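Number of protein chains: 2
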Amino acid sequence: MKRPTIADIARRAGVSKGAVSYALNGQPGVSEATRQRIVAIAQEIGFNPNSAARALSGASARAVGLTLSRPARILSIEPFFMGLISGFEAELAARSYALTLQVVATPEQEVEVYRRWWGERRIDGVIVTDLRENDVRIPVLQKLQLPAVVIGGPGDTGKIAQVWSDDAGAITETVRYLTALGHRRIARVSGLPGLLHTQTRTRAFNDVCAALGLNEALTVPSDYTGEEGGRATRRLLIGADRPTAIIYDNDVMAVAGLAVAQEMGLAVPGDLSIVAWDDSPLCSLVHPPLTALSRDIAEYGAHAARELLAAIDGKQVSNVEAGTAHLTPRGSTAPPR
Amino acid sequence: MKRPTIADIARRAGVSKGAVSYALNGQPGVSEATRQRIVAIAQEIGFNPNSAARALSGASARAVGLTLSRPARILSIEPFFMGLISGFEAELAARSYALTLQVVATPEQEVEVYRRWWGERRIDGVIVTDLRENDVRIPVLQKLQLPAVVIGGPGDTGKIAQVWSDDAGAITETVRYLTALGHRRIARVSGLPGLLHTQTRTRAFNDVCAALGLNEALTVPSDYTGEEGGRATRRLLIGADRPTAIIYDNDVMAVAGLAVAQEMGLAVPGDLSIVAWDDSPLCSLVHPPLTALSRDIAEYGAHAARELLAAIDGKQVSNVEAGTAHLTPRGSTAPPR
DNA sequence: CTCCACAACTTACCCGGTTCAGTAAATCTC
DNA sequence: GAGATTTACTGAACCGGGTAAGTTGTGGAG
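Protein chains in written order, with UniProt numbering: chain A, 1 to 337; chain B, 1 to 337.
Please keep in mind that the hints were generated in silico from the structure rather than gathered at the bench.
Bear in mind the structure is a predicted one, so any value in this text is a computation, not a measurement.
Mixed in with the good hints there might be a few duds.
Which copy? The list can't say, so a pair holds if one copy fits it or any two copies do.
Stated by the list, open to error - Result set (BS3-like, lysine-lysine): computed pairs, CA atoms no more than 25 Å apart in a straight line:
#1 Lys159 <-> Lys2
#2 Lys17 <-> Lys2
#3 Lys143 <-> Lys315
#4 Lys315 <-> Lys17
#5 Lys143 <-> Lys2
#6 Lys143 <-> Lys17
#7 Lys143 <-> Lys159
#8 Lys315 <-> Lys159
#9 Lys2 <-> Lys315
#10 Lys17 <-> Lys159
Produce the entire structure from the sequences given, and follow the hints as far as they go.
Okay, structure coming up:
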């Protein structure tokens, strides 16, 4: 089957290619009657502009890129990214932008992917996740002048816009809630310590614990996997002064922690309270259901997509806070026995 | 920053554009010495061919499409798709094909996306998941002559290649295992009943149960969500002749089922044995860890990607079986009390 | 010494849109 | 009613690669 082109439309309408282009793009230069005739023909023959031709003649590629930089075994189970993708997609599809995805292993490889995408003119912008300290990706994006939006922060990204959520506020709220319940020994199992938002959370956790006079604010670094989260939990629970509450940096580790507690014969929430960051259906699924810090991840993603599209359109975008997490108490938190 | 083009390389090498194109694509028509000089310059200035220009001049777009057709709340938690994506990606990245993703709500919308992608010449082929009976997508793909690979089946897809796993064999093995443990009342909570592989599983389940003389082979249709899975489990367990074993069509429903059993005071595996289809880290995370039907989903995806790339290259591809699931016994199955 | 084959290029056009510089006719202006 | 402006187009260049067809220059065969 042959793809229809504007030349086909031009022939049928008895006008030139240029007129068709103006008509379909809502540019001035054609009469309203002609425009409607052309649009009707385009509709009738099922015309879609060839994206390559469009991209080639200076316009945008109408596509944005996203790299996923976690190992496959984490990606497959971590609901966060899929939620984020769903959110992007809703926004991108509405403006018929395509989403191009690539899984990478390291930040260096990710930079290479950006360079290639840019060189190939395959995408108009990228969404960057998991901001790190002195992130190698930022200077490259700036040099390439590739429109970008960073998710996670706040951090130093120069002119590149950031979308971030108030992690410090959320963790402060959580610790206050747990101490209100009567907990004095609160621990935390964190995500990858290299990530900026992990550091933000750790700092805020230490601060609020100090402010409340809790002197055993222990953060055990982990890597978002269930295995590591379980191991970290076991290490926390075998000590003499075991914590009565643990906050986890993602839902997967929290669920793993719950399993470890049950395996060790500890009652949840009787002997141990558990709070999961990022709520997901997973948290309501287990027994008892987990108290969680909920935020609308899809909306978070949609927000980032909107910012990126604005940046691509050349608008000045600034850092915005979106989707602050709020505590959703469920069955896994209670006063300590 | 300006993107380097073959014209830039040609100028620096003192040859014509055509010579550069031949040299970089390994075509005959340039001497080995010139080729090396050109390749060296391309490397030095970080040249990447403009994908739009390439796609426009008849070559391929070097991209494939994938639509995700489950609601966001399922996608976010269902590890299957992310596993599949990781597998594709590994294969696609190796041949520097891009993956374009779109989330859709209905098969009709999906068909529209295929039409648009085809019209825009955005992709060279698509991967189709969740084959249904009399699937509306198949005739469209055939008419557009868009290279495609179907995951799931076997079913009637004409010339479009299929990659499928032996679901019937896997469920037969599982039922045999459970009866060997002594179970006589085995139930099943299935996925979406419209999907072809759900029907295949149901038929095989009924067959093996009949063959083994189990006359209460009940399949409760569900939709892969935890909520529905939990509800289906509750319905099964409140009956007088409640099953002593339940097989779930995905891991999320199995985990939800486990929570329901625990909530109802039933011991797993003492009072109820649970088997999850598709293993994932989630299954090992809960307590007790779930016996599961494991298969290498990433490899399954990689296989599909290889088939698709072969189809794009114009090679004749045939239906292949890949990644048959095998039973991984863990703590959730035991002889009934 | 001529003719031919072949390697090693160059030239020029193609893909399908976008866009700018023209142009002819219609409308406005005084 | 002549000149200025506006409208509604057309024609052609352009984006950056791919590639068929044409042009050299060299070496070998006869």
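Structure-based check of all given hints:
no.: 1; hint: Lys159 <-> Lys2; in the structure: between (45 Å within a copy, 20 Å between copies)
no.: 2; hint: Lys17 <-> Lys2; in the structure: within (18 Å within a copy, 29 Å between copies)
no.: 3; hint: Lys143 <-> Lys315; in the structure: within (19 Å within a copy, 42 Å between copies)
no.: 4; hint: Lys315 <-> Lys17; in the structure: neither (31 Å within a copy, 37 Å between copies)
no.: 5; hint: Lys143 <-> Lys2; in the structure: between (41 Å within a copy, 11 Å between copies)
no.: 6; hint: Lys143 <-> Lys17; in the structure: neither (37 Å within a copy, 27 Å between copies)
no.: 7; hint: Lys143 <-> Lys159; in the structure: within (11 Å within a copy, 47 Å between copies)
no.: 8; hint: Lys315 <-> Lys159; in the structure: within (12 Å within a copy, 48 Å between copies)
no.: 9; hint: Lys2 <-> Lys315; in the structure: between (38 Å within a copy, 21 Å between copies)
no.: 10; hint: Lys17 <-> Lys159; in the structure: neither (40 Å within a copy, 37 Å between copies)
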